[in-house]
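Q: Spelled out from the first residue to the last, the chains are:
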Amino acid sequence: MTAPLLSVVDLTVARAAGPLLEGLNINLTAGEVTALIGVNGVGKTSLLETISGIIPAGAGTITLGQTNLTRLSRAKRAHAGLTLVEQGRAVFPSLTVRENILLTARTQSVLDEALALFPELKKRLHSPANLLSGGEQQMVTLARAIASRSKVLMIDEMSLGLAPVVFQRLLPVVAQIAASGVAVLLVEQFVHHALAVSQQAIVIAGGRVAYQGPSQELRDQPERLTGLYLG
Amino acid sequence: MLLQGALSGLALGGVYAIMAVSLVLMARLIRVINFAVAAVGMFGAYAAQAVVQVGGGGITALICGALIGAVISLLIGLIITTWLAEADVGARSATTVGALLLLLSLSFVLFGTAPMAFRPIVTGSAFTIGSVVISNITLTLLVSALLIAAAAKAVLTFTMIGTQLRAISDRPITAELLGLNVAALTLSVWALSGLIVTLVIMVVAPVQTSDASSLALLVIPATAAALFAQFQRLDLALIGGLGLGTMQGILAQMSGTQVLRDWLPLLLILCLLLWAQRRETWDEAR
Amino acid sequence: MKRVNGAAWVGGIAVLASVCGILASMILPSYYLYLSITAISVAVILLGLGLVSGAAGMIVLCQMSLAAVGAWVVTWLNASDAPGSYLIWLLLATLVSALVGGIIGGPALRLRGVNLAVITLGFAAAVSGTLVKFQFPGTMTGQRVARPDLFVSDQGFFLLCCGIFILCAIVTHFVLRGRLGSGWHMVAFSERATAASGHNVAWLKLTAFAVSGGLAGLGGGLMVGQVGAAYPGSFGVVQSLALYLLCLILAAQYFEAALIGGIMWVFIPELFKQAGIPQDWGLIVFGIMGIQALASGTTIGGGLRGLWHRAEVPNADSAPIHDVDWIRPIATSGVLDVSGLSVSFGALKVLNDVNLTVNPGEIVGLIGPNGAGKSTLIDALTGFNPRHEGVLKFGNHHISAISVPRLAQAGLRRTFQQDRVPGALTVGQYVDLVSNNASATDEVARVLAFFDAPRRNHPISGIDVGTRRLLEIVAHLCARPQILLLDEPAAGLTGDVRARFARQLRKVPATFGTSILLIEHDLNLVRDVCDRIYAIDFGHVIASGPTQEVLGNASVRAAYMGAVA
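As you go down the protein sequences, you meet chains P, Z and H in turn.
The first sequence begins at -10 in the numbering used here and counts up by one.
The second sequence begins at 98 in the numbering used here and counts up by one.
The third sequence begins at 17 in the numbering used here and counts up by one.
I should point out that these hints are in silico values taken from the structure, not numbers from a laboratory.
Be careful, since some hints might not be right.
[Said to hold, decoys possible] Which chain Z residues face chain H? A few, computed with CB under 7 Å, are given here:
| id | residue |
| --- | --- |
| 1 | Ala188 |
| 2 | Ala191 |
| 3 | Val194 |
| 4 | Leu199 |
| 5 | Leu361 |
| 6 | Leu365 |
| 7 | Cys368 |
| 8 | Leu369 |
| 9 | Leu371 |
Using N, Cα and C, we set each Cβ at its ideal position, and we do this for glycine too.
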């Protein structure tokens, strides 16, 4: 059992209205995809925002490797190797595709590496990102994440507003990223796809972790999954 | 005669244009309308003049003034970045209004209220075409305005720092999440703005009514030019500033246009703006 | 009950203030009496600025210029030997500057925030420049404005100013607490929510500017009466800017804050002068206090009022209400009938040929994954999205071209996903504003109790986000609408609060006569509350019918959870 790369201990995820989730314990391993699933409003995005530093944690600790992230600023967490791909395709709209990716790539060679997985972007390299389709924008955010050479990648609802066929195109890329040694946390409402590509699954329902374990088990027991998910 | 008026107005127009470029950049990149931009320049220019009065050399005074302007602008930026990071653009801009008043009254206390006799930095006429004289000041400021606007555009478009700045203005939180040092980049913009505007005011002050209030309130035509550019377009800020200065210069030569001089720019900008925003029904944010 | 007490309190304070004023006029040495007259004149101007900037939330950097308009009217009437005397001219000055204020408000309808600030600043500079060139009427000829015989002495004029300020304080106090003031606070907070409550945003903005301009002109006229003439230096840009900062520091829409501001304006520089320090330090103090107020987000006036509210004794708790069969339901003739609705943003088709019906007395649900187009649907139905195709009918009327406030007034109401309930109001003020007083006070109290919402006099700033969204629903229900569109109302409610909410929602059509279209993600809530539901994905309706049937539908499951891989 390899040591976890990202370790969340006893975390409280809190919003202005009050604590959403309490006493969370999550471990992410390098090279593995972890699916985080649950209905809307249960707190998945808030959890990612807490880990990445957008909202402060109510209590608990977040550790990446040897570094304690809990009190660090957002930029410092990024330098420590944590990347969040935000919900809703967070491209910089006035920047071109190339400029978007160059922000994390810094050099042409890293840029080329990141683009290798997305040949569709090659001909859109100099388009402002706001003119791209939803799928292309999501590719840009993923390319940017790959170029950042982060150790832990958290992806929030990649499928949002994307046609299923585009989503199918992007899922294998997530698996490839994990295969290169990155710990991936994948938040998805399309449960079956998330389970298909992940090794570990975490289900959040009713304000707590309802299931944490191998994805295979949930794949084998669909009624159990539906019960957990739809209530 | 009108042409001469236009040309002499171009000097002030250059000042407006440079300040408008600064205002547009800060509005886009930092989400603030810096009402104190001219006051900072005024204070730096006064400080430089004080250095001259105690016996300092011209170059020393110039450098001191510019540095003081940069530092003061940096301090204002620091206050806003530290305590008003999450505040809306109105609150952040109101803070610069406070800074404007602070700087004005501080200059009264430190340097007195009498208009300062500024030692000219740039003098003489550049060249004469027929009966029309183009002074060195006009030329300097005009060329500076063009250079600064072009340089700003170039930096934003072609350099890594420019890309980072544009990213910050698009989505500041995403930029932070990518590891960009938003504070350092933002404060650099504040400092640079203070430096450049101080130099500009030091050049133009000797030929202006140089009491502290008038200098500090040069920001008003500059904001009008920036508004013309909708706080977005650098080229329009340049054109707006130069155009405003030229218009003022021409009107100054025509008799019987005293009232017009005060009101025409405002009314023009207002009409242009209302026409540009005629489709907007709802406040974007709320 | 609270209203009567409020009036009694204000009356008491007015009497107290009058007594203080009379005492002051007798005790104060003439030098300080003279300064106090200035203080009160400035307090009136500041009160106006507080209304337009503090309450209505618009940045106005030309208040002293509007005071100059008032001063100009008085001096001009004096110089032209117009009929009437000072008091009549003062009234005219107030009216003219109210008109000018309203005209300046025109651009405010299209320009917001800092854009408006820049225009008002330009206006201030232009007025100042013109005044310096032309001077006030009568200055050149040395004609002084005479005070009315009754108030010719400094004591007398001081008492006149006190009386005028007390009058303004009373009027603005009640205006602020009433519908107009609530409307201003709401416009400052959210223009969309204001329109969705049936109110005209443009009217609210213009009245704020007009009232503020009127008060400015009144103050300017008083300054003329004090000195006998007007000088451009008193009405410059720097003065307007300093006044704006003072307004920010104080929350000058409260009359006590405005008075403190007037006193600060005069006596802080005076203190420095007495100490032998240059008076310019006064401006420095204002600048520092202004920056501090902005950085901390607090105001002196807000702080004072906060103390006052904390000292108020709360009303006794009424017994909890479980059933409301005493509220008469109104006739339910409204039906929502949507056919072929399509909305595109550029090339992106967000809604595609949607058909939907809501019958009287029904609770209909609308479910679908994020990004499916649900909020766009509500926007199109309520007038926020005038560019759409398809036929929208509300009770047999075609509503595609009708404005948001008119639809709201006609009984088609909606709530918002984001928090659109202004913290500056109390529960009672908010409900009255949104419901347009369609329900009597005791009915409102019982509706609040029915939904376990806080009482009328509770300030909204002390209420958490989830309860505020509940309050939004209550307020719209009190307007007795025919149909209410709820955009994710249960987000932020947990556990048994959510369960109770479901029970309360279930009773709404029978109790209030209001049908409901409910957009929700919480499928348990939808199951408990809705008679039938529509499921939407990528802008299409993919299933519709009885709740259980749709939830069991395979394509609905696939839309939510992805097809089985």
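Q: Confirm or reject each hint.
A: Results of checking the hints against the structure:
1. Interface hint at Z/Ala188: satisfied, since its Cβ lies 5 Å from the closest Cβ of chain H, which is below the 7 Å cut-off.
2. At about 6 Å, the closest approach between the beta carbon of Z/Ala191 and any beta carbon in chain H falls short of 7 Å, and the interface hint on this residue holds.
3. With 7 Å as the threshold, the beta carbon of Z/Val194 comes within range of chain H, its nearest partner Cβ sitting at about 6 Å, so the hint holds.
4. For the restraint placing Z/Leu199 at the interface with chain H, the shortest Cβ-Cβ distance is roughly 3 Å, inside the 7 Å limit, so the hint holds.
5. The beta carbon of Z/Leu361 comes no nearer than 9 Å to any beta carbon in chain H, farther than 7 Å, and the hint placing it at the interface is violated.
6. The interface hint given for Z/Leu365 is violated, since its Cβ lies 10 Å from the closest Cβ of chain H, which is over the 7 Å cut-off.
7. For Z/Cys368, the interface hint is violated, since its Cβ never comes within 7 Å of a Cβ in chain H; the closest pair sits about 10 Å apart.
8. The criterion of a C-beta within 7 Å of any C-beta in chain H is not met by Z/Leu369, whose closest approach is roughly 12 Å, and the hint is violated.
9. The interface hint given for Z/Leu371 holds, since its Cβ lies 6 Å from the closest Cβ of chain H, which is under the 7 Å cut-off.
Checked against the numbered hints above, the structure violates hints 5, 6, 7 and 8; every other hint is satisfied.
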